[in-house]
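Q: Listed below are the residues making up each chain.
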Amino acid sequence: MKSRELLDTINARFVNAVLRTDIPDDTRLIVHVRREALKDVARYVFRDLDARYCVGIGIDDRENSGGFMVAHDFAFDRDNILLSLLVPMPADDPTLPSISDIIAAAGWSEREMRDLLGITAIGMINPKRLVLADGWPDNLHPLRKDVPYNISPADYDETKTYPFDEPPPGTTVVPFGPFHPTLDEPEHFRLFVEGEIIRGCEYRGFMVHRGIEKLADSVMTYNEIPMLAERICGICGCVHAVTYAQAVEQAACIKPSPRSEYIRTIMLEIERLHSHTLWVGLASHILGFDTLFMQSFRIREPIMWIAEKISGNRKTYALCLIGGVRFEITPDLKTHLLDVLKKLETEWTAVFAAVKGDKNIMARSKGVGVTTKEMVKNFGLLGPIARATGVDIDARRDHPYAAYDKVQFDVVTGEGGDVWGRIVVRVLEVFESIKIIRQCLNQMPEGPIVCEPQSELPNGRIGLSSVEAPRGEAHHFVITGKNNRPHRWRVRAPTYQNLQAIPDMIKDQRISDMTITLGSIDPCFSCTDRMEIVDIKTGEMRLWQPENSFKAQPEIKISVRKRP
Amino acid sequence: MKHLGFSLLAAFINIVLALIVAPFFEGLMRKITAIIQSRKGPPIFQPYMDIAKLLIKEDIEVGHAPIMQRFSALLSLGAMLSVVLFIPLLGFAPLARYADSILMIYLLSLAGIAVLLAALSAGSTYSIVGMSREMMAMMTLEPLFAVAVIMSAVKAGSLRLDAVFGGAVYSGGIISGVCLLGVVLFAFQAFVGRAPFDVTEAETEIMEGPLIEYSGPKLALFKYAHMVKLFVYAGLLTAIFIPRINTGMRALDAVIFLACQTAIVLGVTLIAATHARYRIDQAVRYYALLFGVAVCCLIVSLVGW
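Heads up: the protein sequence lines correspond to chains A and B, in order. Per the numbering used here, residue 36 is the first one in the first sequence, and the count goes up by one each step. Per the numbering used here, residue 38 is the first one in the second sequence, and the count goes up by one each step.
Misleading hints may appear alongside valid ones.
Derived, one-sided and incomplete: chain B residues facing chain A with beta-carbon distance under 8 Å [claimed, not checked]: (1) H40; (2) S44; (3) L45; (4) R76; (5) A232; (6) P233; (7) D235; (8) A310; (9) A313; (10) Y315; (11) D318; (12) R322.
In silico SDA-like pairs for lysine to any residue, Cα to Cα no more than 20 Å straight-line [what the hints assert, rightly or not]: (13) B:K68 to A:F332; (14) B:K77 to A:K350; (15) A:K394 to B:K68; (16) A:K378 to B:Q74; (17) A:K401 to B:V321; (18) A:K350 to A:W340.
Residues from chain A shown here face chain B by an in silico Cβ test under 8 Å; the list is partial [said to hold, decoys possible]: (19) P210; (20) L322; (21) T326; (22) M329; (23) R333; (24) E336; (25) T381; (26) K391; (27) D393; (28) I396; (29) A398; (30) V462; (31) F466; (32) R545; (33) I546; (34) S547.
These are calculated hints, taken from the structure and not from any lab test. Being a predicted model, the structure only gives us computed values, none of them experimental. Beta carbons: idealized from backbone N, C-alpha and C, even for Gly.
Work out the full structure: start from the sequences and follow the hints.
A: Listed below in C-alpha cells is the structure:
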C-alpha cells in the first residue's frame, strides 16, 4: 500500500471528514480532518487499519491559519507509511474530542498539549497535569507563540503540590523516587504496596524540563538545532539529531548526500552498540550481578574511544546538518573501526554465552514485567519491548532511512514479553549492529558529505521522521517556519510511550522486580522530559544559548531563583 | 583466678584480632572482586580508612528513636564481638568454659535483632521493607545454623563449646556430618549476607534497606559488624567442621586457623562475584529447602550414619 491508496481507503470510508490532504511522497500522508470526525477516523485507522499510534502534537498556528492545530501521527509499519491526522481548531475554542479512550497511547500526548498549549481534549481519561511544574500558573501555556521562551511567571506558586491519588485500601505507599540511586535520573513513582506486592502505582515525572522545543522554535536556527537535539539524550543523542534532520529534509524536499547517509547509519549503529552494552551492564547491576556490569563496561569502552576518534567526542557526536553530516570516515578510521568491531564481536559472544546459561539471571527476569501484544498495541510500545513480545517492528526495516535499505540485517524478536526476552533481544541486536556497520563501511560511495540547501527552506511544510533508537522508535514532527527556524518541532522519544505502560507492567509484581522492570525498558527520563519550560532555577539555558540572542531581547532578564 | 586472667587475656586478643582482621578480609574481597571484574580495585586497606572516616564524621540523628538507633548500632557490633570470644582462634576458645552452644546461637540471632531494631527505629519505608526481609531470612536461616550446632552437640554428647568444636560433627557417622557441611556451605553466603543473598540490603532495590537512614559513626559500627560477621562465621565454620588443629605449636595452630578462614572468605568472594541477587521469595524458598535437608541430616545422624 502506498500513501495515495491509504488516502483512497480513508476517503471511501468517510464522507465529509477530510478537509484537505497532502501527499509529499509514497511514504508520507498528511490528512486534515474535521474536528467532529476525528474520533471516528482515528478509531478506523487504529483499529480497522491496524496502525500504530506514534504521538499527538499540539500546534499554535495562529499566525498562519488563525487557529490551533493538533496532529495525531500513526505509523503503518508493514506498508512503510507515516500518517498525520491534522485537526484545525479556531483560536477562541481550542478543544477537540479525546481519543485516549480508544487509544490509550494518546493519554500523555493529550495531557501534554493541554499543559503546554491549552488545547483541551474533551473526555480525557486522566486530566492531571503531566508536564508543567506543580506551581506553574494554570492559564499560562508556555508553548504558545505569544509566551516568551524565557518567561519566569510572577505568580509561580512554590507551595502548590501535585494532587496524588489516594492509595487503594489495604495498601501502603512506597515512594520510588523522586531520586532513586538505581536510575540516576529524577522520576517519581508512588507504589501502592501490599506486603512486598505492588498493587498499583502513579507516575509523576517531567522534572528536568529544559525547554528544548520552545528554544528551537523561538531562538535557534535550522542548523543549530541538531546540536540541541543531540543534547536531548546523553545516550541516544545522535538519534534525535538524525531524526530531526530527516524530518526537515523531508519537509523541504532536500536529499542528503549519499555518502552522508552511510555515515549517519554507521554513527547510529555505533550509538546502538554503546547503548546496548551499557544497558546490559546496568541491568546486571540492578540484578546485583556486578561482575557482568563491569565486564560490559570494559567491553564498551573501545566503542567510546573509536567514537571519540571519529567525532572528537565519546558521546554527543555533533554529527548532523540539514543535508548531510559534519565529518568524514577516513580509510584510517575505517580500519580502526573494523578492528574494534572484531574485538567486540569476540567478547560479546562470550557475554552472550555467559548470559544464556545463567540460572540466576533467568530466575530474576523470566515472567517479570510482562507485556502482552494487546499492551504493545494499546500503549504503542516500541523497540526491544515490542520485539521481546513477538511484535516484529523495527523502524530501520519498516520505515527505511539513511542507508538501511541498502544493508542486510535481521530484526531480532523474542517471546514471552518479559525482562528475560528484552535481555536476549538486546544482546543479540549487538551482533546485527556489527553486521550493519561492516556492510556500510564496504559499500560507502565516494562523494561530498553534505549537500547544503542553496535557497531558503519553504515555510509551512510538514515533515515526519522515524528512527530506530536503541530503545525503540524516535519520532519527530516538524513544521517549517520563517526566520530560518522551524515553526513547530515535536520530539517523541521512545521512552515517552514505553513509560506509559509501566503501571500495567509492574502490577502484582514484587518490589524487588520494580527496578529491573523499569530498567528493562531502558528508560530515558531526560528524553521524555525534553519539555518546553525553561529551567529558571539553574539557568541551564545559557549552555545552548548563542550570546547574541540574549542581546536581541534585552528587556527580558533571566532570573535565577534561589531554592527555598 | 590465674586461669580466669589467662582466659580474659586470650579473649582480649581474640577481639583485637577480629577487629583487625575483619576489615582486611573485606579489603581482600574487594580486591579480588575487582580483579574478577577487570578493575584495579581499591587498596587492600581501604576498609580501615572507610571505617575511620565514618567514625570521625558528625553523628547525625535522623529517624524516630535516636537512642534506639544508637543502641542497635552498638548491639550489632557488640553481639558479633561477643561471639568472637567463643571462637578458638588461638587453638582454644577463650571463654568457652563460661558459655555453651545455646548462648552462642542466641548471640548470633542478637546480631540479626540489632538490624531489625535499627530498621524499625529509623522508620523509613525502605528500612521497613528491609526489616521484613531480614525477619523472613532470620526465621529460616537461624534454625539451619542451630541444626548444625545441635548435631555436633548430639554427637559430642555435650552442649559445651569445646566439645562441639573440632570436628565432633563427624564422629559416630561421617555421612551425616559431610552432608551437613554441604548444607552449611550452600547457605554460607546467606549467613554472611553476601550476594546472591544480600536481599536485606539490596542496594539497587531498596537502597541498603535497614541502613538507609544511617551515616557517620553508627554506619561505621554497622559496617564493622558486617565485616566481623564474615570473620565470625568463617571462624565458626572452621571450628565446627575442620577437625581440631593441633600441631603442638600455638602460633602455627593460629596461623592454620586463619588460613582456613581466609580460604572461606575467598570462596565467598568468588560466589558473590559470579551470581546475580535472588529475590527474597526465591531466597527464602532456597533456605527452606536447605533447612529440610539439614533436618534430614540430623535424623540420619541419630540413626548413626
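Q: All the hints need checking, so say for each whether the structure fits it.
A: Verification of the hints:
Against a cut-off of 8 Å between C-beta atoms, the interface hint on B:H40 is violated, since the closest Cβ of chain A lies about 48 Å away. With its C-beta approaching chain A no nearer than about 42 Å, B:S44 sits outside the 8 Å limit, and its interface hint is violated. The restraint placing B:L45 at the interface with chain A is violated, with a minimum CB-CB distance near 42 Å, outside the 8 Å limit. Here the hint on B:R76 is kept, as its CB sits about 6 Å from the closest CB of chain A, short of 8 Å.
With 8 Å as the threshold, the beta carbon of B:A232 comes within range of chain A, its nearest partner Cβ sitting at about 5 Å, so the hint holds. For B:P233, the suggested interface contact is upheld, since its CB lies about 6 Å from the closest CB of chain A, less than 8 Å. The interface hint given for B:D235 is met, as the beta carbon of that residue sits about 7 Å from the closest beta carbon of chain A, less than 8 Å. A hinted interface residue such as B:A310 counts as satisfied when its beta carbon comes closer than 8 Å to some beta carbon of chain A; here the least separation is about 5 Å, so the hint holds.
Interface hint at B:A313: satisfied, since its Cβ lies 4 Å from the closest Cβ of chain A, which is below the 8 Å cut-off. The closest approach between the C-beta of B:Y315 and any C-beta of chain A is roughly 7 Å, which is under the 8 Å cut-off, so the hint is satisfied. At its closest, the beta carbon of B:D318 sits 7 Å from a beta carbon of chain A; the interface hint therefore holds under the 8 Å criterion. Taking 8 Å as the C-beta cut-off, the interface hint given for B:R322 is violated, the closest approach to chain A being about 10 Å.
Under the criterion of a C-alpha separation no larger than 20 Å, the hint pairing B:K68 with A:F332 is consistent with the structure, at around 18 Å. Straight-line distance between C-alpha atoms of B:K77 and A:K350 comes to about 25 Å, which puts the hinted pair past the 20 Å bound. Simply put, A:K394 and B:K68 have alpha-carbon atoms about 26 Å apart, too far for the 20 Å limit, and the pair is violated. With a C-alpha separation of about 18 Å, the suggested pairing of A:K378 with B:Q74 holds against the 20 Å cut-off.
With a C-alpha separation of about 18 Å, the suggested pair A:K401 and B:V321 falls inside the 20 Å cut-off, and the hint holds. Note on A:K350 and A:W340: the hinted pairing holds, with a Cα-Cα distance of about 10 Å set against a maximum of 20 Å. At a threshold of 8 Å, the smallest CB-CB gap from A:P210 to chain B is about 7 Å, leaving the interface hint in force. Because the smallest distance between the Cβ of A:L322 and any Cβ of chain B comes to about 4 Å, under 8 Å, the interface hint for this residue holds.
Satisfaction of the interface hint for A:T326 is found here, the shortest Cβ-Cβ separation to chain B being roughly 5 Å, below the 8 Å cut-off. Hint status for A:M329 relative to chain B: holds, with the closest Cβ pair at about 4 Å, below 8 Å. Satisfaction of the interface hint for A:R333 is found here, the shortest Cβ-Cβ separation to chain B being roughly 5 Å, below the 8 Å cut-off. Interface restraint check: A:E336 against chain B, minimum CB-CB distance 10 Å, threshold 8 Å, status violated.
The beta carbon of A:T381 comes no nearer than 15 Å to any beta carbon in chain B, farther than 8 Å, and the hint placing it at the interface is violated. Interface restraint check for A:K391: the shortest CB-CB distance to chain B comes to about 14 Å, outside 8 Å, so the restraint is violated. Against a cut-off of 8 Å between C-beta atoms, the interface hint on A:D393 holds, since the closest Cβ of chain B lies about 7 Å away. About 5 Å separates the beta-carbon of A:I396 from the nearest beta-carbon of chain B, less than 8 Å, and the hint is met.
At its closest, the beta carbon of A:A398 sits 6 Å from a beta carbon of chain B; the interface hint therefore holds under the 8 Å criterion. The closest approach between the C-beta of A:V462 and any C-beta of chain B is roughly 15 Å, which is over the 8 Å cut-off, so the hint fails. This hint is violated: A:F466 has a C-beta 22 Å from the nearest C-beta of chain B, more than the 8 Å allowed. Below 8 Å, beta-carbon pairs count as interface contacts, and A:R545 has one with chain B at about 6 Å; its hint therefore holds.
Nearest Cβ of chain B to the Cβ of A:I546: about 6 Å, under the 8 Å cut. The hint holds. The beta carbon of A:S547 is positioned within 8 Å of a beta carbon in chain B (closest approach about 5 Å), and the interface hint is therefore held.
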